[in-house]
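Could you put the whole structure together from the sequences, leaning on the hints where they help?
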Amino acid sequence: MVSITRAADLLEVGANGGGWVAPLGSTSPGDPAIQPASPWLPLGAISDDGLVQGFEEDTQSFTPWGYTAPIRTTITSSLRTFGLTVWETGRTTVQSLQYRIDSADLAPTSGLTTFAETASPVPDRRAFWFVVLDGDNFQRGFYVPEGEITERSDVTHKQDEIAGFEWTITAYPDTAGNTVYHFDRVPETEAYTGS
Numbered sequence: 001m002v003s004i005t006r007a008a009d010l011l012e013v014g015a016n017g018g019g020w021v022a023p024l025g026s027t028s029p030g031d032p033a034i035q036p037a038s039p040w041l042p043l044g045a046i047s048d049d050g051l052v053q054g055f056e057e058d059t060q061s062f063t064p065w066g067y068t069a070p071i072r073t074t075i076t077s078s079l080r081t082f083g084l085t086v087w088e089t090g091r092t093t094v095q096s097l098q099y100r101i102d103s104a105d106l107a108p109t110s111g112l113t114t115f116a117e118t119a120s121p122v123p124d125r126r127a128f129w130f131v132v133l134d135g136d137n138f139q140r141g142f143y144v145p146e147g148e149i150t151e152r153s154d155v156t157h158k159q160d161e162i163a164g165f166e167w168t169i170t171a172y173p174d175t176a177g178n179t180v181y182h183f184d185r186v187p188e189t190e191a192y193t194g195s
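Counting from 1, position 153 in the sequence shown corresponds to residue 153 in this note's numbering; the numbering is continuous, with no gaps.
If you're looking for bench data, these hints aren't it; they were derived computationally from the structure.
By construction, the Cβ of each residue, glycine as well, lies at the ideal position given by its N, Cα and C atoms.
Hints may contain errors.
Just the calculated beta-carbon pair ranges, DEER-fashion [unchecked claim]:
1. T68 with D105: 58 to 64 Å
2. P187 with L112: 47 to 53 Å
3. L11 with H157: 35 to 41 Å
4. G111 with D48: 30 to 36 Å
5. S110 with R152: 25 to 31 Å
6. T5 with D154: 42 to 48 Å
7. N137 with T68: 47 to 53 Å
In structure tokens, the structure reads:
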């Protein structure tokens with residue numbers, strides 16, 4: 001009888017996690033087990049929908065005359081995104097991202113914060129760091145050196161719901177041509193012995 005190889009410690013349940021943002025050009029924290037330091041700033045509480053790691057790819061297939069199956073397929077578009085809903089809408093860092101303004105412009109005067117939304121927003125690329133935790137033995141870190149919020153959902157303000165900013169962050173290539181860097185602390189995969 002065939003023996004099916006399984007390892008429960010290699011499964012991930014994204015039970016906890018967080019997100020941070022820093023100015024474009026900031027280096028990666030480099031380890032999901034280490035608390036990010038300045039210039040990294042926290043995004044605060046994230047909804048229980050967690051972090052969605054998106055993969056969107058388009059391909060072009062080439063089928064020669066006389067065949068019904070392609071003999072080659074090329075990737076024509078490869079996009080990486082991260083989706084999340086942040087709940088701390090009063091956090092300066094979060095407001096800065098939502099409205100594409102500098103955090104310094106959100107400093108209150110006599111307890112009042114004022115700002116205006118422009119009719120002509122400009123690109124707002126920043127560096128992002130996301131951590132997904134499943135206990136102490138399974139930790140994933142995602143470093144996006146050049147990311148930008150490319151989708152913002154409507155915000156609902158009502159009594160029985162927490163207002164949140166739902167975002168899709170698109171990862172753009174850095175100078176090395178990479179969009180996302182992975183830093184994982186996961187159990188080692190045992191060698192397969194064929195039995």
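- [ ] Tell me, in ascending order, the numbers of any earlier hints that this structure violates.
- [x] none
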